[in-house]
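Peer 1: Residue numbers (the numbering used here), protein chains in the order written: chain A, 1 to 314; chain B, 1 to 314; chain C, 1 to 314; chain D, 1 to 314.
Bear in mind the hints are in silico, worked out from the structure with no lab data behind them. No false leads were slipped in.
To be clear about the criterion: a stretch of chain D counts as covered by chain A if any three or more of its residues have a C-beta under 8 Å from a C-beta of chain A, and this derived list gives those stretches:
#, stretch
1, 100-107
2, 174-180
Straight-line distance between alpha carbons at most 20 Å, and here's what the computed EDC-like set of lysine to aspartate or glutamate pairs gives:
#, chain 1, residue 1, chain 2, residue 2
3, D, Lys-218, C, Glu-302
4, A, Lys-138, A, Asp-156
5, C, Lys-107, D, Asp-95
6, D, Lys-138, D, Glu-78
7, A, Lys-218, B, Glu-302
8, B, Lys-107, C, Asp-95
9, C, Lys-218, C, Asp-141
10, B, Lys-218, A, Glu-302
11, C, Lys-107, B, Asp-95
12, A, Lys-138, A, Asp-81
13, A, Lys-218, A, Asp-149
14, C, Lys-218, D, Glu-302
15, A, Lys-107, D, Asp-95
16, A, Lys-107, C, Glu-106
17, A, Lys-107, A, Asp-86
18, D, Lys-107, A, Asp-95
19, A, Lys-138, A, Asp-128
20, A, Lys-5, A, Asp-16
21, C, Lys-107, A, Glu-106
22, C, Lys-218, C, Asp-49
23, D, Lys-107, B, Glu-106
24, B, Lys-107, D, Glu-106
25, A, Lys-107, B, Asp-95
26, A, Lys-138, A, Asp-149
27, D, Lys-107, C, Asp-95
28, C, Lys-107, C, Asp-95
29, B, Lys-107, A, Asp-95
Ideal Cβ positions, reconstructed from N, Cα and C, are used throughout, including at glycine.
Number of protein chains: 4
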Amino acid sequence: MEHEKLRTAITEIAADMAAETDRGRVATYIPELADVDPGQFGIAAVTADGTLLSAGDANTCFSIQSVSKVFTLTLALEALDDALWDRVGREPSGDPFNSIIQLEAEKGRPRNPFINAGAIAVTDAILDDDNAEEALDKILDFLRNVSGDNSIAIDDSVARSEAATGFRNYALANFMRSWSVIENAPDRALDVYFNHCAIAMSCRQLANAGRYLAWDGKLGPNAERLIPEQRARRINALMLTCGHYDGSGEFAFRVGLPGKSGVGGGILAIVPGQASIAVWSPGLNAVGNSKLGSLALERLAERMGWSVFARGEA
Amino acid sequence: MEHEKLRTAITEIAADMAAETDRGRVATYIPELADVDPGQFGIAAVTADGTLLSAGDANTCFSIQSVSKVFTLTLALEALDDALWDRVGREPSGDPFNSIIQLEAEKGRPRNPFINAGAIAVTDAILDDDNAEEALDKILDFLRNVSGDNSIAIDDSVARSEAATGFRNYALANFMRSWSVIENAPDRALDVYFNHCAIAMSCRQLANAGRYLAWDGKLGPNAERLIPEQRARRINALMLTCGHYDGSGEFAFRVGLPGKSGVGGGILAIVPGQASIAVWSPGLNAVGNSKLGSLALERLAERMGWSVFARGEA
Amino acid sequence: MEHEKLRTAITEIAADMAAETDRGRVATYIPELADVDPGQFGIAAVTADGTLLSAGDANTCFSIQSVSKVFTLTLALEALDDALWDRVGREPSGDPFNSIIQLEAEKGRPRNPFINAGAIAVTDAILDDDNAEEALDKILDFLRNVSGDNSIAIDDSVARSEAATGFRNYALANFMRSWSVIENAPDRALDVYFNHCAIAMSCRQLANAGRYLAWDGKLGPNAERLIPEQRARRINALMLTCGHYDGSGEFAFRVGLPGKSGVGGGILAIVPGQASIAVWSPGLNAVGNSKLGSLALERLAERMGWSVFARGEA
Amino acid sequence: MEHEKLRTAITEIAADMAAETDRGRVATYIPELADVDPGQFGIAAVTADGTLLSAGDANTCFSIQSVSKVFTLTLALEALDDALWDRVGREPSGDPFNSIIQLEAEKGRPRNPFINAGAIAVTDAILDDDNAEEALDKILDFLRNVSGDNSIAIDDSVARSEAATGFRNYALANFMRSWSVIENAPDRALDVYFNHCAIAMSCRQLANAGRYLAWDGKLGPNAERLIPEQRARRINALMLTCGHYDGSGEFAFRVGLPGKSGVGGGILAIVPGQASIAVWSPGLNAVGNSKLGSLALERLAERMGWSVFARGEA
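Next comes chain A alone, as it looks inside the complex (with noise of 0.2 Å):
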């Protein structure tokens, strides 16, 4: 029953967003972003029982982009545990996404991990020795295996154009290695953000690879631990808080979910206990996150009763 209705508000919700006129503008600062069709959205849910459902271009794979922090950070902090957070805050920014002005006041630490600072500071935690390679099959590995699919890769000319042109991420990179906040060669440290930021994956993988999140650690309520609970938990509160860059407390206001957005247009929404989303469409909001992603995000808490700032018995 609950399947019906989610069916049906997917199936609603995509009908009306592949309506929309005002669809936002899509990130042109490199081809591969500028030249995706605006006019697509897609998304994807899984439920407890491991169902999944989608609607319009769930299929579509497209560029992750910042999503990935969130996959990244699990990464770093299997590695690091608390230590990460000696060089990563854990605090909204209240700043863009690129910012550089709150590294100078604070010493070159990161507010957060979903900032660009923060997430590169983060890559360099599970870089050993320069050697970027392996960074990078352990990232999609880890991915390959949330999503249980093993097609996951990374597009290349997505990679190569943002290391072409990325001189913000070298000069956040630069700045924090002054600062000793970063340990491998800004350069390297790069080299896996570009490319780590730049896999590829559709609603229907994006979905699934977030399921751990939303069973406290597991791919589904009874499936065996892959983090510990309170990490995932934390995780959550992490993308609630911070996951929006500067639009992060309009998003916890609207939608209420804790979620992850990349410039690429997807978004990454958890309802803990219920459900992993995912929901994608190019154009972009003026603080950088997907417009109709995000229109579909509220549309669907709402109409679920999903948001985490309510009762929880719609």
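Starting from the known structure of chain A, arrange chains B, C and D on it as the hints suggest.
Peer 2: Chains B, C and D only, in chain A's frame:
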């Protein structure tokens, strides 16, 4: 059974907190706060059936200070609805509670309703024609109503001390007035602000007052509606992202509940659909939130499985 | 001969300025400034032998506004000597005249005596026991003395308008009071501040008033000493580095003379050992300094070889 | 007679400085600077007739570091004239030498040519098609020419150390590149930058090199013109307002001369029409300028009546 578990948890935690030696430092900027005995700790929780459990100094009144901002926000939304957001933002600030930097960068519009500037703007929004007395009556009436206790009152000596030393708040109010973000005379808005921050309540009173946020706008699952469901949910979202100043991310990370702290050492925390909790201990941590209050909530949430970021089937 | 050259330069420049069509925009924040005819331009210069040459509207009184800060600084140094610098810095701010950001970053100590915050702190330093009347008498007496004109007075309507709308200055004063950088009641310090900024003078009066800065602390090469030589030199240094807010570097680059501008359109410029010059034209450039006043000084300095950065043998 | 007065002043000041025990702290960020003996002090001054007077360690070569920025600015103005100012501002920054905050607030355009970011942008402006070697030749040729000494050279080990540790400068360059404020590859611009900062000169060489700024663009009152008079004057203005980072106001206040300091402990100071002075002592004050160098210049200017803010008839 749940009651028993909760009663035991509260009692044990209160005992642990009473025994703590590292209790933080009480606020010292006015004598009325500086003179409070740091050895105190109180906790109270109301559950869905209206049961109020408490332990420690749960009947002692303390200065609720910034916790009052939750209630003035509720009233301002009642008065202006979404038009309030023209004056105040909804994003975490990443700055200390009394920062003026963000105001200058963003044309006098405070980042959110819980930093001082935002709370002053919210207060201004419930003030008509400089009529401070009327506004204060409205606030006290609301608080007496939601807590079901007509004895709640303002501590005049606290209010006077705040007014005599609150130069920084005068600065914030005049700064916002220069941008026409507040409409009344800065001194009148501050008169109301200093007085509502000086309201004295006990943990038992405060826990009762928070019920409408735990049950989607009603004082209990079956009580009559006080505010719209969506509004209650959204106030919770703001408490989670912004309720502890630049310690909001940390509170979300550790406790995982919407909460609002005050410099008097009180914290109101909401478990949507399950409980409204008030804790109080006067010693503060480095970012100005109750040290033992935060710790007690972290332990309670852990024991009861109450994080909004967990599956909710503890 | 030099007199002839100067007379010709002044006359021609005044004629050019009268003919200029792009005159900048008059300040509009109070009606008394907004209503000033932008078509006016005056210039006056006093040379070593006391000759005063002038052209254009050199007898018309205008609101000297921030030019008054040079004179209050002189009085504050008379009162406190180097102890003044405990309260106010000596560095260019890199910020607009009324910025509060720097104050927060540097614990309420203004960067220099010529930004608004610094000038308020300087005013506070010549105010004893909240006695605003006495302080204003001291300021007027000094100005009448150095200009040799007892008719100089405050424009009350300007002072009242400033007080009624100067919320940003109230913010600055209260902010500094919160750090104990100012000692009197913020409202009293601002009372004096708004009044001394509202002093009305003509170019001829102002050029005379500046003589003590041109001749190392004396009203002429052979006059009796008014302030120590080193102090005069240092006030000139502050005028050069900080006298035009965030246009100070530009003024030094183009004109090459110590100068202090006011939002009323007046500028006092000093040629050490050679001349004291006052110009006035109400239209302002983008950073709030007189557009034609700056241009006239640039041309005059160029024609007379008066930059302090040139060989001085023009 | 003036020569005698100057000779005596220089000799006595050098003796006093040699005896000083509080000498500041040498820069420690690279071994080549950290290992310099802080006991050294040198001074040299060239007067209008070309006489060079010196005392102390005036023949010892030191790393001129940021003093080189005066010479690269001269070359960049030669190359681009006023078009340079599209890329770099002319205002004091109010920030430390290596701040990146201002860059973000002002779209990658450095506030002035003497902070690190500005100097890197200036270096980029004299670099064509990534040809670092050619640019360095141009800089060395100019320096050898103005100092009349063909032995001037780059200290390779200093340049290598700067390149190996200059992460902050890599951050600045990449940040500016992200805004297209610099045109060449960041690494190439920095290659030239690190190398010209690593030029080694003695006080005698440096005093000679500064002559063109003392005599309005000529190496002496009767020498042939090297750069336009106005340009020389304007470089002096920039040195006075911006030459000592966030200690520029202090230097203007105390010394009253255009000057440019370097972290190697050297300072070039200009007395327009009178002298070009170089001092050197490796220990730095809190804002990174030579402690004894600044003090020596303050005393020399006082004794010789050399402030640009005094009457000039000492």
